Structures are given as C-alpha cells and as structure tokens.
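Visitor: Those protein sequence lines, which keep their order, are chains Z and P.
The number in the numbering used here is simply the position in the first sequence, starting from 1, with 929 added.
The number in the numbering used here is simply the position in the second sequence, starting from 1, with 929 added.
No lab work stands behind these hints, which were simulated from the structure alone.
Just so you know, these numbers come straight off a predicted model, no measurement behind them.
Incorrect hints may have been included.
The list treats identical chains as one, so a pair stands whether inside a single copy or across any two.
Claimed, not checked - No more than 27 Å apart at the CA atoms, straight line, and that leaves these computed lysine-lysine pairs for DSS-like:
no., residue 1, residue 2
1, Lys1270, Lys1025
2, Lys1074, Lys1027
3, Lys1270, Lys1027
4, Lys1125, Lys1270
5, Lys1025, Lys946
6, Lys1318, Lys1270
7, Lys1125, Lys1195
8, Lys1318, Lys1195
So you can see what is in the structure, the chains are spelled out below.
There are 2 protein chains.
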Amino acid sequence: MQAFDREEYLARIENTKLRMMQFGLDVLLVCDPANMNYLTGYDGWSFYTPQAVVVALAQDEPICIVRGIDRNGARVTTFLDDANIIGYPDDYVQNKRKHPMDYVAEMLESRGLGRGAIGLEMDAYYFTAAGAEALHQSLPNATFKNAYTLVNWIRMIKSPRELDYMRQAARILETAMGVAIDAVRPGVRQCDAVAKIMAAQASGTAEYGGDYASIVPLLPTGIGTSTPHLTWSDQPFATGEATILELAGCRRRYHCPQTRTVFLGKPPQKLVDAGKVVVEGIETVLATMRPGFTCEEVEQIWRKVIARAGIVQESRCGYSVGLNYPPDWGEHTISLRPGDKTVLQPDMTIHFMPGIWQDDWGVGISECIHLTETGAVALADTPRRLIVKD
Amino acid sequence: MQAFDREEYLARIENTKLRMMQFGLDVLLVCDPANMNYLTGYDGWSFYTPQAVVVALAQDEPICIVRGIDRNGARVTTFLDDANIIGYPDDYVQNKRKHPMDYVAEMLESRGLGRGAIGLEMDAYYFTAAGAEALHQSLPNATFKNAYTLVNWIRMIKSPRELDYMRQAARILETAMGVAIDAVRPGVRQCDAVAKIMAAQASGTAEYGGDYASIVPLLPTGIGTSTPHLTWSDQPFATGEATILELAGCRRRYHCPQTRTVFLGKPPQKLVDAGKVVVEGIETVLATMRPGFTCEEVEQIWRKVIARAGIVQESRCGYSVGLNYPPDWGEHTISLRPGDKTVLQPDMTIHFMPGIWQDDWGVGISECIHLTETGAVALADTPRRLIVKD
C-alpha cells in the first residue's frame, strides 16, 4: 500500500535530522502535507484541519498528529508505530476557543519535546498565523526558528523510485493532454472538455491509475489567455480564439505537468511567431541545460532567445516539481529567474514553464524536465508546437 | 460573466464595513479566497501565491492585490476599477528574501492605510505565519486584530441568487452521485469510478456546467471506511466491502455536498442497522430543525437517535456550507456539536454529515440542508438509505 519501502522513508528522516542538526533544531514541526507524506507516507484529504508530523532528534520515529477521525487514515497509510499516531479531540476543529496547535503543544510537552529549538514551516500552506501564535503561547520554554522548506530542499533530488512515479505520471499526462487537445473544439462547453480531461487524469493508464492533480486543469481561453490561472466556465470554445491548456498527470502524488496552446481557426501571425519562439526557447534550454548550471543561467538562455523576437516576460520560467498536494505542484525551492544562484544537480525535476502573457493574448508551451547526470530530458512526449485546428 | 449583480457585491461590502466598525477595524485584509470572491467576484487558481482583497472604511471600493501575472485575471473576474487592481512583481513569489505581504504593506502605506487597526484572517488557509510576520514588521504604526471569519459569518446567510446556485449545484450533485453509485462495482478500479464521477461533476447538466468541487471525491472502501478522508487508489472494489462516497456538486463555487454508502454483496447486520439509524437520525433532524434552534440542540436530536442504537460518535455532525475553494467546502463558522449555541436562521445552508466511524468499519449518509423560514429542506434528491448491490 505504501508508495515506498520503509528504508526509503527512514533515509528521508535521517536526512531531515541531519539538516535539523546543521540548523540547530531539536524538533521540527512538519505541517506541509507533501512533507508529511514524504517522511511518513501519510496521505488523505485531511489537510483542511491542522495536522503535523513531529521529527525530534531525541526520537527514532516521527509522531503523526491528526484529527481523531483521521487517526485510522494514518494507520492505513503510514509505517508508524501505533503509539506514534495521535488523534486530537474533535472539538478542536474550527473552534474559536481553542486551536489544534494547543493540543500539539501539550503532546510535545508530554513527551519532553516542548523546550529547546523548534522549527516551524512558517510559510507553508495550512500552517496558519493562528497556529504559530498558539504554539508560541503554549510553549514558553521553546525557541522557534523558521524552518520553512527544510524538507522541501531534500525532496528536490528524486530517488530512482520517485523518478519511476514521475515517469508513470508522464504516461498519464500524455493521455490526458491528448484528450484535452482533442476536446477543445468550437461549440464545445469548456466544462465538457474538462470532464474528459479529469476523467483521463483519474483513469490514467491500464497499468497506472491516476491520482488527483494538485491543480485542476487550467484552460484560459480568448481574452483569458492574457493571464494563467483562470479556470473553466460553461461557455463554449470559439473559432478565432486560443486556449492555453496547463495540466498534470499525477501518480502517487507525484506530478508531471505540461502546457500546450490550441488555436481554433487561423491564428494571428503574432501568435504563430510567439509559439515558434517559445518552442525554440524550450529546445535551446533542453539542449544546453545540465547539472552545474545555476538557475539564473538557465533563465538567461531562455531570455536571450525571446529577446531576439522582441519579447520581454518578467515572470520566472520554471520551478522544481514533484510530490505535492493542492494548491500547488511546485516545491517552493528553486525558481528559474535572475538572482537564483542555486546550482542544478542530477535527478532534479523541473517544470520549465516559459509562458508569455501579454495585454490581451498569451501563449504557453511547457515541459517537465528530468535533469540527468549529463543533460536534460523532457519526461512527457507530446508534440511540441502551437496546435492549430483550422 | 460575474456570478452576481454589482449591487449584491456592494451590499456584501457594506455589511463587511458595518462589522468592521463594530469590531473597531479601519482596514480588513481578506486572504481567504472564498471571502475574496464573495466581496469582489475574484476567481482563479492563484491562491497558491499570497494575495488579498483590502477593505478600508476610508475607501469606497476594495483593492485587490494579486501576483502580476494574475492581474488580468482580476480584470476579467471582478467589478473593480482598474486602479484598484494591483499586481506585485514576480520576484516576490516563493522568494526567501522577501514576502508578497511586504508588498501589500507598502501598498497600504502608499494609500494611507498603513496605520490604525488592521484586521487579519489569522486562521485562514493561505494566510501564513510568515505573511503575518511580514505585515507586523512592515507596518509598525498599525495595530493588528484577529478578524478570522468576520466575512465568513456574513456568507452564512444565503441570498436568493446564492440559493439558486446551491440548487443548481444540487442538480449537478444528483447526477454525479447517481454516476458514483452506479460506478462502484466489484472489479472496477477505484480510479476508474472517480474518472466517471469527476466527469459528471464537471459536465454538470445541460443547463448548468459544473465547477471543481473544493474537495475531490472521497471514497474510502473496506477497512478505509473506518476513517473519512482517504482518497482513491487503483485497487478494485471488492464484494463484501462497503464504500463511503462523499462528494459535491459545485456551481460558480457554491457547493451542495452529500454522502452515501454502497455495500457490494450481503452487508453485515451491524452495517444494515447503523444505516437505518443514520437515516432515522437525518429524518428526525429534517422534521424537527428550524430557525430558532441552536446548533447544539440539533446535535442533541441526532445524538439521542443514535444512542438508542448504542452508538456514540464524538465528531460534530454538521457545519455551514456554500461558497468555497480547496481544501474545504465548509465555511468555518457554525458546527453542530455540544457547546455551539449559535441560533439557526433562515437561509443558512448546512451539511448535515452524521458519519459513524468505528474501529474497522463505518457508514456515512448525509444531506445538504436549506433552512427555510419554517423548517429544513434537503437540497438534493437521492435515495436516502444504505445502498446494497447484491
């Protein structure tokens, strides 16, 4: 049932403890659901109530603290000893008078972990300002440090088994993107195209069932292509308009995202030109990028290609991707942009997403890239061009 | 394109300002995506980066601050004047050296809103501990108050147009639940059942296209029914096992959720009995509940029914529901449980969700209820019983 051998989880926990020691932490409170999953296997749509995995240098095994009714979910999905799975009483849920982090604090105290240096994921989704405040008030003998992305940076380098899941996600993505490109037709309601896409994402392949992607299919169309994050309506696709499809295949919570742009009818020349430039940019990056480059160097390669076409785009053109939960498949570590001097390493996986969003139009073509020992490989195999359905 | 008339948004803003005055606030920073949508219409899958709607007593119109590339999304989806839609530079995104809330603080200062009492949604999703810290540091002349759920409590009473959307969502749910019940068959992979459910949720009806639900279809099966929040795998459904289907129809971000339990084969007597008790509990509550009751009184009605069958269930048996974004369709205001003395009012919509989760089995049957002037009506019409497929 678990996605990885116990040994792989234990190695991740060891790596986390090593970083905790370097960072001067006794205890790390992991609230990012992707990090919770990474360290223990915990999986479930329960992150809408506060929960945490506690890693302590003084304890071999992490402790998983979830809402009481989710305790059996932790039993089913983690490798943890039953004594290390703790459920909090239900009246802590969405109650103005007490906070689940009060309970977490009590539990830490009861295990002798309530003093010393405690790391908090200060900018993680689902770790709220009120949660941090509750901990500060309940644990007066602790000192707190911001350990946001401590585990994320470990997640960035993928193991062979993780790469297997990424490749399985790529197979699912290829199917779903094929369905998506086919579904965008004049007169078809956007919601009906999404129905087919989501069905393909969930069914996956005969061999690999699909998981839910951390972001729903995005398909801004018409004027909507000037911005990347619009979702669908029940309006039909129209001839003379572009649609930017951004979606992922997901397998055991590992994502392979991709973007393609479909034009219905005869596209304006500027779109054709921009499509060519974006493809040239991707292919130049794929041919050049390898371990040893910094993130900003890769962005520079891309920027030079589009500059020749007179296009300036301020936003980052890529980020690390892999294991995740809604609302994001990105890992919040590296970004391909000026100023990011992180050196790329083998077995990173990056969504190279060089979108162009202008005043009233846009184009997006992207690839999920695996950095090998010697170069860069696109994980999914979908025709890489502006798709024109005339 | 907007889901409501401008007048309805303006009335919501007025209500918000009234509560702000009662609460002693000059400015309210709204980061909950549902509240942002409620006040301005803003809609998009951009809540994975920090964003805010600023309501100030000194300003007629709210200000919407989003990531630069999402600015056009705000132009397309809100009624706001262009001057009140502000995009922050892209290098604020996931950057250890600065935080988007630093930018929000600058913008508040530049408009003279950086002093006085500022309300923060301290426990809202997507308003992180680091975001609160950035604001505290950047606005030394402000005082901060926790205004979590200030807007949520306004959202709790639904307008006629909102009830229309809830009813449309109910039509979508009826279709999707029908598909779901049909799809659970021995040998069918869970992921293939989900494919059909998600397709039905997105397509909706010929009249009403579906939106994405804030929670993916939950369908714990077998031992998984002992806990409510497991998602699917690619394992097949098996004869002799129960599956608890919890899913929603969603229309313009308004949800109608429902739960049904399907058993494949001949169910054990305890499950048959528990199913009957849950249905009796729901029907007793539907026949009794009306405006004027408190939340805890409703829970007591339910508890008495199951107590007669010897069942004790600690978790709350319902909560307010409506407009929302992942990860939750609940509104984080009222809960049907001991201690909640909120008096029920007409045009509240409540997910009455009396799940029973025991050591190694469970049953869930639920309804989304509209509180009318005189009573309670289930919004969706799906056969209300343990569904046995023998």
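Visitor: Run every hint past the structure and note whether it holds.
Guide: Hint check:
Only between protomers do Lys1270 and Lys1025 lie at most 27 Å apart by alpha-carbon distance; the minimum there is 13 Å, versus 44 Å within a single protomer. With identical chains, the CA atoms of Lys1074 and Lys1027 are at most 27 Å apart both within one copy (23 Å) and between copies (17 Å). For the identical chains of this complex, Lys1270 and Lys1027 are inter-copy neighbours only, at 16 Å across copies versus 43 Å inside a copy, given an alpha-carbon limit of 27 Å. Proximity of Lys1125 to Lys1270 under the C-alpha cut-off of 27 Å is found in neither arrangement, the shortest distances being 41 Å within a copy and 45 Å between copies.
Proximity of Lys1025 and Lys946 under a CA criterion of 27 Å is satisfied inter-copy only: 22 Å between copies versus 34 Å inside one chain copy. For the identical chains of this complex, Lys1318 and Lys1270 are neighbours neither inside a copy (41 Å) nor across copies (59 Å), given an alpha-carbon limit of 27 Å. Taking the shortest Cα distances, Lys1125 and Lys1195 sit within 27 Å of each other inside one copy (25 Å), while across copies they are farther apart (34 Å). For a Cα distance limit of 27 Å, the shortest separation of Lys1318 from Lys1195 inside one copy, 8 Å, qualifies, whereas the shortest one across copies, 52 Å, does not.
Of the numbered hints given earlier, the model fails hints 4 and 6; all others are met.
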